[in-house]
Amino acid sequence: MKPRAVARPAAVLWDMDGTIVDTEPYWIECEYELVAEFGGQWDQEKAHSMVGNDLRVSAAILRDQGGVDLPIDDIVNRLLDGVISRIEHRVPWRPGARDTLTALRKAGIPCALVTMSWSRFADAVVRALPPGTFDVVVTGDEVVHGKPHPEPYLAAADRLGVLAKDCVAIEDSPTGIRSAVAAGCRTFAVPNVIDIPDGRGYTVVRSLQELDGSELGIGARATNARRRRSRLFPLLGLLMVVALGAGVAIATRSDTAAPPLDDVPFSGWAPYWVLPEATATVGTYGAKLHEVSPFGYSATGAADINFPGGDDQIAALVTTIRQQGAKVIPAITDGMPAGGMAAVLANPTTRAEHVRAIAALAQRNNFDGIDIDYEQFAFADGRATWAATRPNWVAFLDELSTALHVAGRLLTVSVPPIYDSDRTADSGYWVYDYAAMGDHVDRIRIMAYDYSTDRPGPLAPVDWVRTSVKAAKKAVADDSKLILGVPLYGRNWVTGTTGTCPGDTPGKVDPNMREVAELITQYGATALRSAATEESMFSYQRESNDGVNACTQTREVHFVDAAGVRARVDVAREQHIGGVVFWALGYDTPAEWAAVIDLARPRGIIVPNG
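In terms of the working numbering, the sequence shown is residues 260 to 869.
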């Protein structure tokens with residue numbers, strides 16, 4: 260087979276920290292020193308979370324989470340002083356960096372340095388390289404929007420007089436990769452401090468020495484691994500011929516078991532109406548959770564966001580979450596009438612007011628982030644409004660993410676699924692622009708449940724769940740941002756009635772898993788399981804009599820059993836997305852946890868997706 264032809268790039272755009280020079284350990288050392296000076300606490304998880312960030316964003320995190328009581332720019336300059344002094348003592352070059360830069364210079368391919376470090380630090384590194392190595396240098400103090408925004412890479416291409424889509428970018432961090440991919444560059448990820456899973460829009464190579472030079476326009480360079488494989492394959496072929504001639508059966512790779520799937524991060528919502536139960540769940544299983552979202556804040560106006568009974572109602576839950584080491588990311592729902600939130604977001608003034616109110620809520624309670632769950636667009640406003648609401652929703656997330664990120668906080672959104680990237684009646688809830696959301700938010704929680712709403716049927720048939728995840732992956736550049744919502748509840752339908760029911764006889768209800776178990780016990784029901792949907796169902800007869808009216812209802816309950824919960828976690832694992840989020844903590848029983856607890860990825864562990 261002929262090798263794939265690769266177009267010569269118009270330019271190669273380089274990240275610096277972790278890509279050309281291995282300065283991340285220097286930054287981390289300086290962070291620890293600065294935090295210790297102010298009596299704060301710091302750890303590797305926080306340090307690694309800042310890799311690739313704009314320096315002012317990192318400084319805000321040091322101030323808010325590390326207790327460094329200095330102005331933002333002073334924190335940046337203190338860090339720069341420490342790292343530059345170390346650079347002047349020894350430049351820690353990454354393997355293959357200088358050789359590759361030299362080869363590009365000889366080939367006449369322009370290079371740009373695109374770093375979120377400030378000019379005086381970048382200058383220290385550039386001075387250690389031959390003159391003319393970089394035609395353009397873009398630094399964090401020169402741009403309005405730092406990585407992961409595409410501006411730094413777009414600015415570099417513009418100064419070089421080329422198009423970003425015709426350039427190759429080389430990065431080492433998730434933040435930088437998002438920036439380069441968003442700018443349209445052909446992007447290579449070379450992991451250093453943080454492991455980088457495979458994903459859409461970029462290619463992972465283990466080191467610059469393994470990057471095929473033909474991708475950069477400087478000729479092919481077979482890696483040692485490739486050379487080893489080229490010698491190994493003929494040998495295997497010879498052994499196979501000999502073995503077959505001797506009547507020996509050889510098991511090829513396809514005959515062996517598939518490699519195990521990676522574990523995934525677990526998160527969950529904690530609704531206010533089951534706060535004691537949710538708090539107990541977090542107390543028992545919280546060590547396995549990465550993020551917990553107290554659920555109940557409601558936006559009833561641009562500046563009005565309230566929790567039933569006040570913020571202090573969730574104090575015990577928040578304390579328990581923090582004791583278990585998880586992040587507190589409360590959810591805010593749209594509590595306005597149909598069209599209300601759409602109108603708030605359509606007006607730049609009220610939209611900005613709403614952003615300030617959300618940021619103030621997070622600041623007041625020192626939350627780790629915010630989850631936005633605005634479902635009125637999808638379920639109340641009507642499809643005719645979607646085209647107008649869609650760009651306003653994205654503008655809102657852009658402004659809110661900026662406000663939260665500068666304070667070191669996360670932004671997640673919880674949205675119903677899409678089924679493709681079009682805008683047809685069969686495309687799902689396309690008012691939520693998945694692709695654009697992926698450029699601004701840290702997590703997209705896919706509410707892949709409530710499949711059957713107007714007649715008895717499955718809550719979340721597993722093939723439908725998988726279709727929803729695949730559609731989201733196709734739309735969003737960074738698969739690790741996608742989080743699959745997993746239901747821990749059932750739906751209880753009335754399928755027949757004899758007699759006249761009292762007025763308080765229930766209609767359709769949504770029992771949680773504890774209530775499902777109680778119904779099975781109370782009525783001696785037998786649950787039947789569907790392998791096709793990975794769900795269970797049972798029916799029973801319920802009698803109601805208030806002394807005046809009496810009836811017998813035939814009721815049918817559909818629910819995602821413990822094995823079904825595991826099957827949905829496995830969808831997230833097989834699709835290599837960023838994790839699962841349970842709806843809801845407090846609905847669960849030990850059976851669900853027993854089914855999935857071994858799949859929970861420990862906090863602070865980053866596993867590359869296969």
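There's no promise every hint is true.
To be verified - Derived BS3-like pairs (lysine-lysine); straight-line CA-CA distance at most 25 angstroms:
#1 Lys767 x Lys424
#2 Lys733 x Lys305
#3 Lys365 x Lys305
#4 Lys424 x Lys733
#5 Lys305 x Lys547
#6 Lys547 x Lys586
To be verified - Have a look at the derived ranges for each label pair, beta carbon to beta carbon:
#7 His348 x Gln572: 32 to 40 angstroms
#8 Ala646 x Arg465: 19 to 27 angstroms
#9 Leu422 x Pro650: 50 to 58 angstroms
#10 Ala776 x Ser680: 38 to 46 angstroms
#11 Thr608 x Arg349: 33 to 41 angstroms
#12 Thr848 x Ala546: 15 to 23 angstroms
Hints listed in this document are in silico derivations from the structure and should not be mistaken for laboratory results.
We treat Cβ as the ideally placed atom computed from N, Cα and C, and that holds for glycine.
(request) Tell me, in ascending order, the numbers of any earlier hints that this structure violates. (result) As far as the earlier hints go, 1, 2, 3, 7, 8, 9, 11 are violated by this structure, in ascending order.
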